[in-house]
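> Chains A and B, in that order, are what the protein sequence lines are. Per the working numbering, residue 2 is the first one in the first sequence, and the count goes up by one each step. Per the working numbering, residue 1395 is the first one in the second sequence, and the count goes up by one each step.
Heads up, some of the hints might be wrong.
[Unchecked claim] Which residues of chain A face chain B? A few of them, derived with a C-beta cut under 7 Å, are:
1. D36
2. T37
3. M50
4. E69
[Claimed, not checked] Quick look at which bits of chain A chain B covers, simulated, 3 or more residues with Cβ under 8 Å:
5. 53-65
6. 108-117
No lab work stands behind these hints: they were computed from the structure. Note that this is a predicted model, so its numbers are computed, not measured. Glycine residues also receive a C-beta, built at the ideal position from the N, C-alpha and C atoms.
Residues per chain, in single letters:
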Amino acid sequence: MLYAMLIYHAEGAFDHDGAQEREALLAQHRTLQADTKAADAFVVATQLMEPHTSSVVRRSGDAISVQEGPFAETNEVFVGFYLLECESLEAAARWAKRIPRATVEIRPVAYFEDHSGKTVGE
Amino acid sequence: MSDAVHRALRSAYPQALATLNRIAGDLEVAQDGLHVAVERALLRWADELPTEPVAWLVRAGRNTIIDGLRHRAMKERKDGALRHEFETDPAFGDEVIRSAFRDDMARLVFTCCDPRLKPDTAVMLTLHTVAGLSIDEIARAYLMKNTAIERRITRARRAVRELEGGYQPPTEAELPARLDAALAVFMVLFTEGYAARDTAPFLRPQLCDLAIRSTRMLARLFRSEAEVQGLLALMLLQHARAKARLVPPDHLVSLEHQDRTLWDLGMRNEGLALVQKALLRKRLGPYQIQAAIAAVHASAPDYESTNWQELVLLYDALLRHRPNSVVRLNRAVAVSRARGAKVGLALLRELASEPGMRSYSPFFVVQGHLLAESGRATDAVSAFEQALALCTSPLQQRHLERLLGDLQTN
């Protein structure tokens, strides 16, 4: 089963990190990526820019407009996700626990297709 | 102190200070209260981190503040009612602290960036309070001694105390002007690090980092204010070039000769994303236009393929907001790239009569480059010599000396 690991942080959680802390965090992600690749679980890793960079397309009746983002004002912000192929929820949770300093939502993927035409859920 | 405690304290500090500042109605009292709370936290948090660090600090700080006020009240009026009044105030729940966060931070920003304060004073206050930096960190960024920074902060705090009427929250109509004053303060901080000024022999990229961090906080606070995002974009796009701009120890590299592979891609991309968003919004202001100018440079694979035509249009737009001769000088550079050195030199002749231009070193730098390109090497040398004589930054001086050396050997 393909799982999405949706990563949330308190806004500004890393503002006060020094270069060393930043490097340590990145290193943990790199190791996780290497390990999931070695286990044939890795599909996608994505980090999003800050919420203030976002725009929202809204519909009201027939009118469509591009408006100021983010979509929702929350204390915890969505910062990125992994897509990992896992045997079970238990296996997915094992990987998710290794995502450092974050709250992680694990959601099974219903449909997925990439540029190579590889699909899931059809 | 463990890393986790350190990190929790640092990220909770500004918000806790902002809330205490509202409660105490006095920045200095708030800082003293928070100071005691932090000392207590250092003892307690090592065992177990609180789930709500900000609320923990606010409660501890508030108690200290109340004790202080009560002590003073008893001395003055033997009035014990004060503590009771604070204790029954419903505004201290964790939820309230969280929901009032934006207002409290805005209040703190506007206290520190009061337009009646001198920019340097406001910068010190902003670093120490809004950005929550220790004196040690500020001193390191400024390449100054701790004692000197301490003196500056003490002076800044005194200046705030002496403001008549204290803090006044801006009305909705006043907000743009107050925000503008705050943005100017953050820009001063950035420029302090970016420009090699006479007092500093080096660029100070740490100051740029601090300015970006503070502006980022401001951008989160005022999400719908296009100019705040514009300023953040401008800083990111300029600072993205930092590594290419200075070859250690002291070789300043102009945009034309920078190795663009050294530009920081993360900063550049975030800056570009913010500029694109700004252009879509169609509420352009001077910071957004300057960011758009930086974005044109950032998008060019090399100096030759820069879209100079677009830059001229952007400088025209900037002139409508900032009609001054420095902007006109920069516009002249873009025009000369788009339409040739001769056209540029004609613009400079018009500019030369502007007040201040004939004592402005960059004017002669531009003139020198355009003369050299027109094949007038002797005139170019005298322009660069004039630029050198007017230049007060050691870093820029060495840059000009190298230019002169190149001209004279060719």
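> Run every hint past the structure and note whether it holds.
We went through each hint and held it up to the structure:
A distance limit of 7 Å between C-beta atoms decides the matter here; for D36 (chain A) the minimum to chain B is near 24 Å, and the interface restraint is violated. Nearest Cβ of chain B to the Cβ of T37 (chain A): about 23 Å, over the 7 Å cut. The hint is violated. The beta carbon of M50 (chain A) is positioned within 7 Å of a beta carbon in chain B (closest approach about 5 Å), and the interface hint is therefore held. The criterion of a C-beta within 7 Å of any C-beta in chain B is met by E69 (chain A), whose closest approach is roughly 6 Å, and the hint holds.
For the stretch 53-65 of chain A, the assignment as covered by chain B holds, since 3 residues bring a beta-carbon within under 8 Å of that chain's beta-carbons and 3 suffice. Residue count for the stretch 108-117 of chain A with a Cβ under 8 Å from a Cβ of chain B: 0. That is fewer than the three needed, and the coverage hint is violated.
In summary, the structure is inconsistent with hints 1, 2 and 6 from the numbered list given earlier, while agreeing with the others.
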